[in-house]
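Based on the sequences and whatever the hints tell you, model everything.
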Amino acid sequence: MTMTIDFDELQATREPLVLYVGAQLAREAGLPSRRELAVALTHALPRQLSTARARELRELAEVGELPDAFTELERELTPARFGREVERSMQAPRSELPPLARAVARLAPRLRGVVTPNLDRVLERAFESRLVPHLRPSTALLSRRNWLLKINGTLPERGSWVLTREQHARVRVRDPSYANVLRALFMAHPVLFVGTTAEDSIFEEVVGYVRDLAEGSPPRHWALLPEAELDRATSIKLDEAGIAAIPCETPADTLAALRALEPGASAQPVAAAVPRRAPPPRGPLRILFVSANPGDQDPLCTEREQAAIQRAIQVSRERDRIELTCRVAASFADLSRALLEGAYEIVHIAGHGEPLGIILDEGGSMRVPMAELGSLFDEYSGPAGALRCVVLNACWSESASEAIGTVPTVITMRGPVDDGAALAYAEGFYEALGAGRDFAAAHREGSRRGRLRAPRGSAPQLVQRG
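Under UniProt numbering, the first residue of the sequence shown is numbered 1, with each subsequent residue one higher.
Where hints are given, some of them may not hold.
Listed below are the simulated DMTMM-like cross-link pairs for lysine to aspartate or glutamate, each with C-alpha atoms no more than 25 angstroms apart in a straight line [said to hold, decoys possible]: (1) Lys237 / Glu402; (2) Lys237 / Glu372; (3) Lys237 / Asp438; (4) Lys237 / Glu72.
Note that these hints are calculated values from the structure, not bench results.
The structure is reproduced here in structure tokens:
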């Protein structure tokens with residue numbers, strides 16, 4: 001099976017990876033999730049506890065905030081018994097390692113280090129003690145290899161655990177090095193997330209760190225995630241964090257993907273390795289490129305952008321199905337007329353923008369309000385229309401995503417845009433489309449090119465609807 005462009009990129013990277021291994025590894029080893037651990041602890045509550053209080057704690061363990069649940073359970077059990085019960089519940093059986101543990105251990109030559117929120121020692125067993133464990137983030141990890149960072153502690157050392165509200169406050173709030181080193185780690189090295197789900201609270205916390213850094217141009221990151229969890233909101237959140245989600249329909253697909261990443265693996269993994277998203281329609285892909293660079297505005301490189309798009313299409317694998325129509329020095333009437341005369345899947349506007357509208361050329365600058373643009377584009381989308389994507393490669397165009405109501409994919413720019421970054425984005429976007437990728441994957445490719453060209457520049461925004 002042909003792989004996604006994101007998996008191809010992951011497979012090709014030569015920089016040592018930081019591997020984040022989530023709670024799914026513990027589950028496969030027969031250990032409880034944190035929620036299940038909290039529920040199990042309620043069975044150890046003292047018998048003299050009132051029925052109402054026991055019911056309250058069970059409800060907290062089942063549906064409440066876990067740090068609050070562990071805090072209350074420790075209070076009722078006493079710290080000593082709480083510790084013993086956690087140790088008893090989290091002792092991994094000395095059975096054969098789960099397949100996921102063996103798969104990540106085989107990646108050792110490609111790794112800089114491993115980060116995990118798991119208390120258990122399954123990873124230590126899998127790597128046969130070849131990794132040096134660390135219970136507290138340290139800047140030394142940025143330049144070292146063969147380390148294991150256990151961000152929530154390790155089972156043999158109760159003082160390192162991060163379960164209760166107080167323990168969370170100790171490391172997340174009072175210890176600034178915790179967040180600072182994690183941020184530095186994600187800024188310095190590419191990360192591969194495995195053995196987690198998109199809904200895992202600890203994974204969400206880590207994604208939050210990465211998302212805060214996204215406009216600082218961190219390295220590319222990847223996540224092998226269950227395909228069923230990759231709804232639109234999750235995909236957008238990961239895209240904003242610079243994390244490419246690689247969908248895996250089953251655990252077997254995850255294992256096959258990890259095998260394909262092993263040192264010495266063939267360039268193409270075995271069949272059914274990583275399922276692809278549904279490809280875009282195979283019919284003609286018609287693109288309308290509209291540029292405006294009025295003489296009373298600062299000059300832009302719209303001609304170079306047009307040439308870059310033409311070049312990207314000409315060298316692409318699917319060039320025979322892509323049709324590009326260009327309207328330069330375009331007025332609003334030129335744009336409207338082009339849409340009346342042809343059915344386009346993509347409209348790309350290159351030019352100046354303002355928070356209130358896009359600048360087109362009427363012999364001089366004319367601001368077209370976002371509401372008028374939205375009304376025009378919505379006319380040509382919907383059930384009967386062909387328009388599926390609008391790209392506004394212009395400064396301050398983000399508000400158009402609200403004005404355009406029915407076009408499935410809208411790409412805009414937040415704030416001012418560097419000319420070189422706009423050019424690089426367009427080149428990457430259309431090269432990916434020409435390789436058969438969908439709009440979201442093409443947007444990620446364009447964003448990578450733009451970030452490399454202008455690391456501190458405004459990030460393109462992708463909005464996709466139903």
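Which hints, by number, does the structure contradict?
-> Hint check: 2 and 4 fail, others pass.
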